[in-house]
Amino acid sequence: MKVAFIGASGHWKYAVNGIKTEDELQICGVSPGSKGEDISPLVHELHKDGYAPPIFDDYTKMLNEQRPDVVVVDNFFSDHAHVGIAALKRGAHLFIEKPIATTLKDLEALYRAYEESGCHLAAMHGLRYAPAFYTAWSVIRSGDIGKPRLIHTQKSYRLGSRPPFFKHRHSYGGTIPWVGSHAIDWIYWFSTKRFRSVFASHSRQGNQDHGELETTALCHFTMEDGVFASASIDYLRPETAPSHGDDRIRVAGTKGVVEVQNGDVHVINGLEGVRKLEPKDPGNIFQDFLQHIRGQKECLIGAEDSFYVTEICLRARQSADENRVVELSR
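Per my numbering, residue 28 is the first one in the sequence shown, and the count goes up by one each step.
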């Protein structure tokens, strides 16, 4: 199986780490996917691991010459959909950074290309594979806390110094679709409920000369069956913090509560009181993607979830831009 990389601006390490344990994969090419993109960190990592793939300046030339079976797309966020469409039209399975599109028009075009391709697509929602969150999801599936009724999520990051494309809405796409996509994905994944409406707010204040980048955002979702959910999103985590991110979720159900904080999972219900659970590791997201392609199992993150979560992220951004409730399709 031949794998090509286009871009190196996000979570390309998911794929690199997954490839390390695969003996039957050939990395057939690496190329930037956006004008001015620096792919040297990816190339350096591959060389360090003993790979020496050909380097291309033009990803379309690479696709046409190498005809990869799988394409890893991870360029500037506004270009994800365009590059993804090019890969799908050439019959390649698509492992693509989130958000998979930054406009609804591009999302629709990508979906059409996906439907016509017969290929598999998965967004890089790698935090489904974080042991603590996977374990909390498993708790909900087991019925230990009953039916989820209220979900609160948190994504807090250090800002640091971001690449220039983060400073412009047209290339970055917004903090809700980029950072918030993880939280919105958890809400959908944990609840299994469709979104009915969203009211969101965001602000650029305190972004340390990062142009149009929003540093804070807050989303309130009403979901089917009267489930409520929220997402708190920020780039305000201090540089002195012990980790880059502070990811949390609290799900209150009809029989109990499950919480994730600092990588720990706690459950409380009426039968056993408070329990701290040992997190379970579901494995690498890219390996899971490859096993899905081979027909060995169903991937934890599939195409329909990838498209739906992206749409909700873009609608939440619209709500924040327009300062109004946005009703969501049923």
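If you're looking for bench data, these hints aren't it; they were derived computationally from the structure. Small disclaimer: the values here were computed from a predicted structure and weren't measured. Take the hints with a grain of salt, since some may be wrong.
Quick list of the computed label-pair ranges, beta carbon to beta carbon [what the hints assert, rightly or not]:
1) Val-301 with Ala-136: 29 to 35 angstroms
2) Glu-142 with Asn-289: 48 to 54 angstroms
3) Gln-235 with Pro-81: 27 to 33 angstroms
4) Ala-79 with Lys-282: 54 to 60 angstroms
5) Lys-282 with Asp-84: 18 to 24 angstroms
6) Gly-187 with Lys-47: 39 to 45 angstroms
7) Pro-158 with His-74: 38 to 44 angstroms
In the DSSO-like style, the derived pairs of lysine-lysine whose C-alpha atoms are separated by at most 30 angstroms in a straight line are [claimed, not checked]:
8) Lys-75 with Lys-62
9) Lys-220 with Lys-88
10) Lys-132 with Lys-220
11) Lys-174 with Lys-194
12) Lys-194 with Lys-282
13) Lys-324 with Lys-307
14) Lys-220 with Lys-62
15) Lys-174 with Lys-88
16) Lys-62 with Lys-47
17) Lys-47 with Lys-132
Note that CB positions come from ideal geometry on N, CA and C, so glycine has one too.
Hints and how they fare:
The beta-carbon spacing between Val-301 and Ala-136, approximately 49 angstroms, falls outside the hinted interval of 29 to 35 angstroms. Restraint check, Glu-142 to Asn-289: a C-beta distance of roughly 41 angstroms breaks the suggested window 48 to 54 angstroms. Separation of Gln-235 from Pro-81 is about 39 angstroms and departs from the stated range, judged on CB atoms against 27 to 33 angstroms. In this structure the hint that Ala-79 and Lys-282 lie 54 to 60 angstroms apart at CB holds, the actual value being about 55 angstroms.
Between Lys-282 and Asp-84, the C-beta spacing of about 57 angstroms breaks the proposed range 18 to 24 angstroms. Between Gly-187 and Lys-47 the CB atoms are about 27 angstroms apart, so this pair departs from the stated range of 39 to 45 angstroms. Between Pro-158 and His-74 the CB atoms are about 30 angstroms apart, so this pair departs from the stated range of 38 to 44 angstroms. A distance of roughly 26 angstroms separates the Cα atoms of Lys-75 and Lys-62; the hinted pair therefore holds under the 30 angstroms criterion.
For the hint pairing Lys-220 with Lys-88, the CA-to-CA distance comes to about 42 angstroms; that exceeds 30 angstroms, so the pair is violated. Straight-line distance between C-alpha atoms of Lys-132 and Lys-220 comes to about 25 angstroms, which keeps the hinted pair within the 30 angstroms bound. Annotation: proposed proximity of Lys-174 to Lys-194 is violated, straight-line Cα distance about 41 angstroms (limit 30 angstroms). For the hint linking Lys-194 to Lys-282, the alpha-carbon distance of about 45 angstroms lies beyond 30 angstroms, and the restraint is violated.
Among the hinted pairs, Lys-324 with Lys-307 is consistent with the structure: their alpha-carbon atoms are about 18 angstroms apart, no more than 30 angstroms. Of the pairs offered as hints, the one joining Lys-220 and Lys-62 is violated, with about 39 angstroms between alpha carbons and a cut-off of 30 angstroms exceeded. Of the supplied pair hints, the one linking Lys-174 and Lys-88 is violated, its CA atoms being roughly 51 angstroms apart against a limit of 30 angstroms. Distance restraint check for Lys-62 and Lys-47: the Cα-Cα separation of roughly 29 angstroms lies within the 30 angstroms cut-off, and the hinted pair is therefore satisfied.
Between Lys-47 and Lys-132 the CA atoms are separated by roughly 36 angstroms; this puts the pair beyond 30 angstroms, and the hint is violated.
The earlier numbered hints that this structure contradicts are 1, 2, 3, 5, 6, 7, 9, 11, 12, 14, 15, 17.
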